[in-house]
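Trainee: Sequence lines, in order, name chains A and B.
Each number in the working numbering comes from the position in the first sequence (counting from 1) with 3 added on.
Each number in the working numbering comes from the position in the second sequence (counting from 1) with 334 added on.
To be clear, the hints were calculated from the coordinates, so they are not data collected in a lab.
Which residues of chain B face chain A? A partial, calculated answer using Cβ under 7 angstroms: (1) I469; (2) S474; (3) R479; (4) F483; (5) G554; (6) V599; (7) L641; (8) G644; (9) I648; (10) L651.
Pairwise CB distance ranges, derived in the manner of DEER restraints: (11) T606(B) to V169(A): 43 to 49 angstroms; (12) L97(A) to I353(B): 41 to 47 angstroms; (13) I353(B) to R194(A): 47 to 53 angstroms; (14) L309(A) to A429(B): 35 to 41 angstroms; (15) L309(A) to N379(B): 49 to 55 angstroms; (16) V169(A) to S370(B): 58 to 64 angstroms; (17) V169(A) to G633(B): 48 to 54 angstroms; (18) A26(A) to Q656(B): 48 to 54 angstroms; (19) W496(B) to A26(A): 54 to 60 angstroms; (20) W323(A) to L517(B): 36 to 42 angstroms.
Residues of chain B placed beyond 10 angstroms of chain A at every Cβ, according to the derived structure: (21) D500; (22) N583; (23) D586; (24) K627; (25) G630.
Everything numeric in this text was worked out from a predicted model, so none of it was measured.
Quick reminder that beta carbons are idealized off the backbone N, C-alpha and C, glycines included.
One letter stands for each residue in the lines below.
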Amino acid sequence: MTGMTKQRIGNILAKQGILIAFAVFMIGFAIANQRFIAIDNISGVIRSSAILGVMALGVTFVVIGGNFDLSVGSMMSFSTIVVLDLHDKLGPALAIPAMFGLTMALGAFIGFLVGYMKLNSLIVTLGMLSAIHGLTLTWSGGKNMDIADKAGTWFSVFGQGRILGVPVPILIFAGLAIFFTVVLMKTPFGRKVYAVGGNGQAATFSGIPRARIVFLTYVISAFCVATAGLLQASRSLGSQNTVGQGMELQVLAAVILGGASLMGGSGTIFKTVIGVLILGFIQNGLLLMGLAFYVQYVVTWGIIILAVWLDVAAKRGRLWSPTA
Amino acid sequence: MTSNRYRDILKHGAIWAFILVELTFFSIAGEYLSVSDKAFMDFDNMLLLLKQSAPIGIIALGMTIIMINGNIDLSVGATYALSAIVLLDSMTWPALQAMGDWAIPLAWGLALLTGAILGAINGLIVWKTGVDAFIVTLGSMLGYRGLVFMINGEQPTSHLNWTLVDFAEAQFLGLHTASWFLLTAALVLWLMMTRTVHGRNAYAIGNNREAAVNAGIRVGPHMMWNFVLIGFLAALSAVVFYSESGSVNPNDGMLFELWAITAVVLGGTKLTGGYGSIISTLGGVIAIQLLRKGLGHIGAATETVNLVIGLILIAVLLLDRQLNLKGKQELKI
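Make a model of the complete structure from these sequences and hints.
Mentor: Take a look at the structure:
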């Protein structure tokens, strides 16, 4: 009987552990500092998490499909630089679609290599991380990119604007999260992504076009990266070449924190959003407690490993690995 | 059988053939494009190249072993930085300063110990929790970087010790100190992987973990030892480099893990484990450094280096796939 109860508690912890952890953190921080739960603080945290969050939405598709995407940080730098550069050359109305087209072409190239050519996604996207970084530097000549007329452009609306008092980045993040939840949960395509990631061989035998599904997950990821680049460029109206450097691993941390398995076949958009928010609120909470920004690195380390460990432990029914 | 051997020779020789192609190309192209009068294949230039390959190279050697074993380590860049800080900071402690130049071996020892401990923490977590090494080291990449900032603060740490600088800049039999460390480490690790039980077991575990367990191999201690080793090597890389430069920035070593993995993959080691060689990794490291130097030599913009290396990495993967397909028609889906 106690064994059963233990098992059930373990299951609940594993399934909802991330939500419980989120709640505990929020309550803890709220007690430590009243300002933490002020509306404008919460809205500020979500707003600054939006760029990372939008990228994490796309990577969730890739990870559920059973692959990695390490190129998103480097690709985000690319789209930011490109849209800023084209803004002054073509005007914002043309620059934005052109940037989306170029970024998604890069995503399609990766999708082709991983999906159709069946190459290892970790190495392909590692190679693309480097290649796209080179592409960005070549495009910009290594210089920072700035919009000439910062005050006179409507381009800043995506990163700085508000609609009915809600910051636009939050609206875009929330809108995309809802849209992709529907795609993943309610469409045949979404079910196929789970099938391909869960058991690629079985999926192929049941007639699912594995290559095309994998290809599409990378195009979706690139679309999200382009959106993130737009938000970044619009927020700062100027950028370095390395603005997205290292974000690939933060994004992956958020997705893993949300409980998506790196083996593929599991994960949800909702949990990824929770993962993103946990990272954002921890950072904010620690800063409000007067701790330096780098303390969050150490805390995040502990949380990632605890979260995945609990998940793994619940699946095998024992806390410690049986490995001799 | 013969086709198998032919393929093996092709695979092991590929990276060295690639290096030859690079040397020829840059020598000929350099005649026309280079602004310097010196030939690309200048002896001193090649010696310098080996020295410059050492920091990433020493880490890549460790990464080879980790990957043959079927794991991965993303935290080496942070381990590198933390060890560098221990090295430079410890020499300013009053206790060590009082020792004069005897502080140097002690500081080296402390830095190397730091690396080994950080590696051991990774290894222990992977072993005891059963969480994938990718996730564990992704976490510790952040965590160790946090420790770097907590110990060091946000400002660079500098400490120049001239005895140490002389040692690091010395040339023995023509080779720089850093090159000696790279080559010695490669030799020792090559012997370990090809001549010892641990090496054989590491291959076996990476190749088929279940079969290795059934054959009575204890997976955990082998994994653990490999993580200690890569931590130690990341620290060794740091002490060799920072003995000369004497100044460390808390962001140093970022993306080193990706460079090291690139070199290892270029050398033909499989990410899935069970296959790879230390010597080929050395080739991969040299090939990358040659590309950097060569592109600079012919006057290409430095920006193109990343582009070229990334595309070569993908091309290698495509080639490797073609080679494998010829042998055993596709079984995996």
